[in-house]
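If you're matching them up, the sequences are chains A and B in order. The opening residue of the first sequence carries number 567 in my numbering; numbering runs sequentially from there. The opening residue of the second sequence carries number 23 in my numbering; numbering runs sequentially from there.
By construction, these hints were calculated from the structure, which means they are not laboratory data. It should be emphasised that the depicted structure is a prediction, and the values quoted were computed from it without experimental measurement. Glycine residues also receive a C-beta, built at the ideal position from the N, C-alpha and C atoms. Just to be clear, a hint being listed does not mean it is correct.
[Said to hold, decoys possible] Simulated restraints, written as ranges between beta carbons of each label pair: (1) A/Met567 with B/Thr115: 31 to 41 angstroms; (2) A/Leu569 with B/Lys179: 50 to 60 angstroms; (3) A/Leu579 with B/Met32: 19 to 29 angstroms; (4) B/Met60 with A/Ala640: 31 to 41 angstroms.
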Amino acid sequence: MDLATAQVIGAGLAAIGVGAASAGVGFVFGSFLQGALRNPSAAASQTGTLYIGFAAAELLGLMAFAVAMIILYAR
Amino acid sequence: MAVQAKIDPMSQFMIHPVGSETLTGSPFMFTNSSLWMMIVLAVILVFMWGGLKRQIVPGRWQAAVEGYVGFCDNITRSSIGPEGRKYLPWVFTAFTFILFANIIGAMPFAIIPGGHPFTVTSQFIVTGTMSLTSFAIVLAVGFWRHGLHFFSLFWAKDAPFILALFIFPIELISFLVRPFSLGLRPFIAMFAGHILLDVFGNFVVQGINAGGLGYAISVLAFLFVTFVNALELLVGAIQAYVFALLTALYINDAVNLH
Numbered sequence: 567m568d569l570a571t572a573q574v575i576g577a578g579l580a581a582i583g584v585g586a587a588s589a590g591v592g593f594v595f596g597s598f599l600q601g602a603l604r605n606p607s608a609a610a611s612q613t614g615t616l617y618i619g620f621a622a623a624e625l626l627g628l629m630a631f632a633v634a635m636i637i638l639y640a641r
Numbered sequence: 023m024a025v026q027a028k029i030d031p032m033s034q035f036m037i038h039p040v041g042s043e044t045l046t047g048s049p050f051m052f053t054n055s056s057l058w059m060m061i062v063l064a065v066i067l068v069f070m071w072g073g074l075k076r077q078i079v080p081g082r083w084q085a086a087v088e089g090y091v092g093f094c095d096n097i098t099r100s101s102i103g104p105e106g107r108k109y110l111p112w113v114f115t116a117f118t119f120i121l122f123a124n125i126i127g128a129m130p131f132a133i134i135p136g137g138h139p140f141t142v143t144s145q146f147i148v149t150g151t152m153s154l155t156s157f158a159i160v161l162a163v164g165f166w167r168h169g170l171h172f173f174s175l176f177w178a179k180d181a182p183f184i185l186a187l188f189i190f191p192i193e194l195i196s197f198l199v200r201p202f203s204l205g206l207r208p209f210i211a212m213f214a215g216h217i218l219l220d221v222f223g224n225f226v227v228q229g230i231n232a233g234g235l236g237y238a239i240s241v242l243a244f245l246f247v248t249f250v251n252a253l254e255l256l257v258g259a260i261q262a263y264v265f266a267l268l269t270a271l272y273i274n275d276a277v278n279l280h
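Let's have the full structure, built from the sequences with the hints guiding it.
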């Protein structure tokens, strides 16, 4: 297998992490909604925490994307 | 079947001097990045100056600016406490610059030929510099206020001694990674979003070139590009908010030490 083929396969495998992060981000917002619907009066004060959780989950997906790009364009 | 043009989504991030295509010659050049930074700055200035009328009953513009500044003030106040006011200028600057750069970068100015906007925040050097500034502020505030006690930030004092010994390097590494992860987030979000836009924008053109069933693909791709562009505006705003919020939280660590 030559380098270009291996790069494309590797980048595709690295892109799986993006999908995993999307599950994580969905879980963060879904859990927030579950909590918020049980106690709507407390929801507004927790949006900051929501976005911190979102950022933490999303960062790993972005890292996976960065790794995919590095693999794809490495020479 | 028309000849397949190779999709090159990376060329949109190329930095080159205004009016030229290559980056050669003098090390000090007015590049497209500089140009769009100036444009972002001009838009911010117009937006802020338009609201600084100090009327008792604010007009629409002033109400927008007041709400905007109040939002940033709320970020620092809710995460740092009453002392947060002191750190509002930097949080406000970072939030405003990233927000306006993201949104201006996603605007469809390319309808005018040659007016393709350059997203300033799609370069890691820009967001990385901003995150390093945040990190420098955290270090300066931490050592200024607490001296060498600042290192107790990494020591889990409620944990058993053996456990705290193991937690110390982990906390230290997670602290040192912060400037990297903070700057990476807005950068990759813009970078990935614009690659996606470029790729699907190419699908529209290639579908039209192919003809026949290609027109259906063009329509689908065009709808997709439209929604992704809307999503890009949302992501740009969220990333700016996250940057400001995390900066405020990191400063809170330095000010209050847990």
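Quick rundown of the hints versus the structure:
Between A/Met567 and B/Thr115 the beta carbons are some 49 angstroms apart, a value that contradicts the proposed interval 31 to 41 angstroms. About 51 angstroms separates the C-beta atoms of A/Leu569 and B/Lys179, a value consistent with the hinted range of 50 to 60 angstroms. About 21 angstroms separates the C-beta atoms of A/Leu579 and B/Met32, a value consistent with the hinted range of 19 to 29 angstroms. Separation of B/Met60 from A/Ala640 is about 34 angstroms and conforms to the stated range, judged on CB atoms against 31 to 41 angstroms.
Taken one by one, the earlier hints fail for this structure only at number 1.
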